[in-house]
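Protein chains: 2
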Amino acid sequence: MVSKNQIKLITSLQQKKYRNTNKLFFAEGVKVIQELLQSNFELEHLYSTLNDFEEVSKVKKTLIDDNDLKKISALSTPNSCLAVFKIPVEKERIESGLILALDSVRDPGNLGTILRLCDWFGINQLLCSKETVDIYNPKVVQATMGSIARVNVNYVDLNAFIAQTTLPVFGTFMDGENIYKTSLSQEGIIVMGNEANGISAELERLIQNRLTIPRFGDIQKTESLNVATATAIVLSEFRRG
Amino acid sequence: MVSKNQIKLITSLQQKKYRNTNKLFFAEGVKVIQELLQSNFELEHLYSTLNDFEEVSKVKKTLIDDNDLKKISALSTPNSCLAVFKIPVEKERIESGLILALDSVRDPGNLGTILRLCDWFGINQLLCSKETVDIYNPKVVQATMGSIARVNVNYVDLNAFIAQTTLPVFGTFMDGENIYKTSLSQEGIIVMGNEANGISAELERLIQNRLTIPRFGDIQKTESLNVATATAIVLSEFRRG
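Keeping their order, the protein sequence lines are chains F and W.
Quick note on our numbering: the first sequence kicks off at 1 and runs consecutively.
Quick note on our numbering: the second sequence kicks off at 242 and runs consecutively.
Bear in mind the hints are in silico, worked out from the structure with no lab data behind them.
Idealized CB from N, CA, C, for every residue including glycine.
Where hints are given, some of them may not hold.
The calculated label-pair distances, taken between Cβ atoms and stated as ranges, are [claimed, not checked]: (1) F:E54 - W:T262: 46 to 54 Å; (2) W:S317 - F:N40: 31 to 39 Å; (3) F:D52 - W:K311: 40 to 48 Å; (4) W:K249 - F:N5: 42 to 50 Å.
Looking at chain F on its own, in the form it has when it is part of the complex:
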């Protein structure tokens, strides 16, 4: 059974302000929950329709039915379980190696996919501008497939950060150098921009290394790449050597 108060609390966590006041977020599905449990995320409570998760103590889990799960889930087709976790204190950011920085990425699916890419390409630090969608948004948590447990994420005043860093800064633009022909360092900050507007003009002025992913289609008509697929190509280029 889930109490009315629990339902109220969990559904409120779909909104950022309630996540921040309660310092809690939730994840759905066995895979993501297992990844978070195995990492340093502190479980508040687990709700499952199955007698699973033997590693979780009885006081921290409740067996519920599908009807209860529907009431607390953010998914149109709920999984078998939902877990509420404490939002950890932001770790100190890492300022070495390759760092990915996002300037106002708004779509939760894009942020989740980008976090998976960081995980794949061994990028340990993701910096998000304050306008970027919240990493603990349930749709982001879902799309990360557990990568949220392995990449350090910090929200920063991105313009101020970029203005003071001594690391080389890279960004993709329509008129940059051909990324396939540029020698890319294994240290630096790679900036990716907003879905509709790209990198803001103010931030653009602070970026020394302008890169371009060349088009091979009809140059007049082709749309730009989606930010997640562009990030995939850029990270692949930095890592391939």
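With chain F held as given, fit chain W onto it using these hints.
Below, chain W without anything else, positioned relative to chain F:
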């Protein structure tokens, strides 16, 4: 004004069987509709809340209000316009150059993103297995951002097609050759697999060239890449030379 019959017809087009019986599909938003109009798609009827699309004759457009648009739209936040187009007869498939083939890609957003990638990388032919999501699904049309007008798409019995082709066939697997170190031809078929299961075992047996995108993160724990981001990296590798 939109009549009850029109509402019924347009909403039915969210389902594949009604798109097939009526040989119609719809698109929403100025950008996608403009791209389709400029291409060879034949307009059935345009519904707009604005006095726009001057290039469309009066008999083919209806000025509607937001309330009407809500009734016909498939979006939770409807745009300003919706257009119904005729589904064109499948063009003959192109069997030269680089061809992308999808084995049971199910997510409409993924198919749309992959079509945009084909457009960017100048891949003129996309082959979809019969189990792949329908290209005229409204969510696919939306995610293509107009690329649907520029890439030739055919639905085929993919196993039979691959079994008889004389072109080289490439696929990505966990145990393939490092894609960064393989010399890739500019002619051939690149096969990408289903979101959950990858390329089917039957099809796998027909693929001579096994490629892998190397991981740089923690090899034990990292999830696989999403099919759209993996496609981005693979196409980029084939084209970069």
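Which numbered conditions among the earlier hints are violated in the structure presented, ordered from lowest to highest? none
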